[in-house]
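*Asks:* Sequence:
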Amino acid sequence: MSIDVKDLNAELLLHSLLFAYQKATREVLGPVSAIFVPPLLDAVRTISEAVGIDLVKGEDLDEVLQNYLGLLKDIGLVEGARLEKLGPNKYLLGIDKCIYAKAVHEALKPSGVTCLHGLIAMAIFEKLAGRKVKLNESRFLPEGSETVIEYME
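One gets this note's numbering by counting positions in the sequence shown from 1 and adding 46 to each.
Where hints are given, some of them may not hold.
With a straight-line cut-off of 16 Å between C-alpha atoms, the simulated EDC-like cross-links for lysine to aspartate or glutamate are [stated by the list, open to error]:
1) Lys131 <-> Asp108
2) Lys131 <-> Asp106
3) Lys180 <-> Glu196
Rather than coming from a laboratory, the hints here were simulated on the basis of the structure.
Based on the sequences and whatever the hints tell you, model everything.
*Replies:* Rendered as structure tokens:
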């Protein structure tokens, strides 16, 4: 399955809107903006379930996340995605050759925001572990991003 140009244009607009919303919320509210994370992650899970996307398919966290990364590749959103374990409660999500990156990252030069693939991975982490994750900012690269995902203490 691949994405046609018409769908891509719509997705680029929504992707840009997400970045703009995150950035404005953080600029206006500062650290308090983190209060929006739990309901945001809940909404991601609810919407995914409503449209029939099983984000938590697998036996354990590693298998579920590998399935999610495979889904991103299968539907053509990214060419590469990897998950690296940095510690017992900390992972690095790497996204390579994302279809959004060239247009959105170049135009918006996002900083202080979290990649949408990272947000979805955070929702998966929370669902499986029943623990909250810290909202970390992503590091945006010309063709992808890196997001540290870690459980809150």
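*Asks:* All hints are to be evaluated individually against the structure, with a verdict given for each.
*Replies:* These are the hints, each one checked on the structure:
Between Lys131 and Asp108, the direct Cα distance comes to roughly 10 Å. Compliance with the 16 Å bound is thereby established for this hinted pair. A threshold of 16 Å between alpha carbons decides the hint, and for Lys131 with Asp106 the separation of about 14 Å falls inside it, so the pair holds. In summary, the hint linking Lys180 to Glu196 is supported, as the alpha carbons are separated by about 6 Å, within the 16 Å threshold.
Taken one by one, the earlier hints all hold for this structure without exception.
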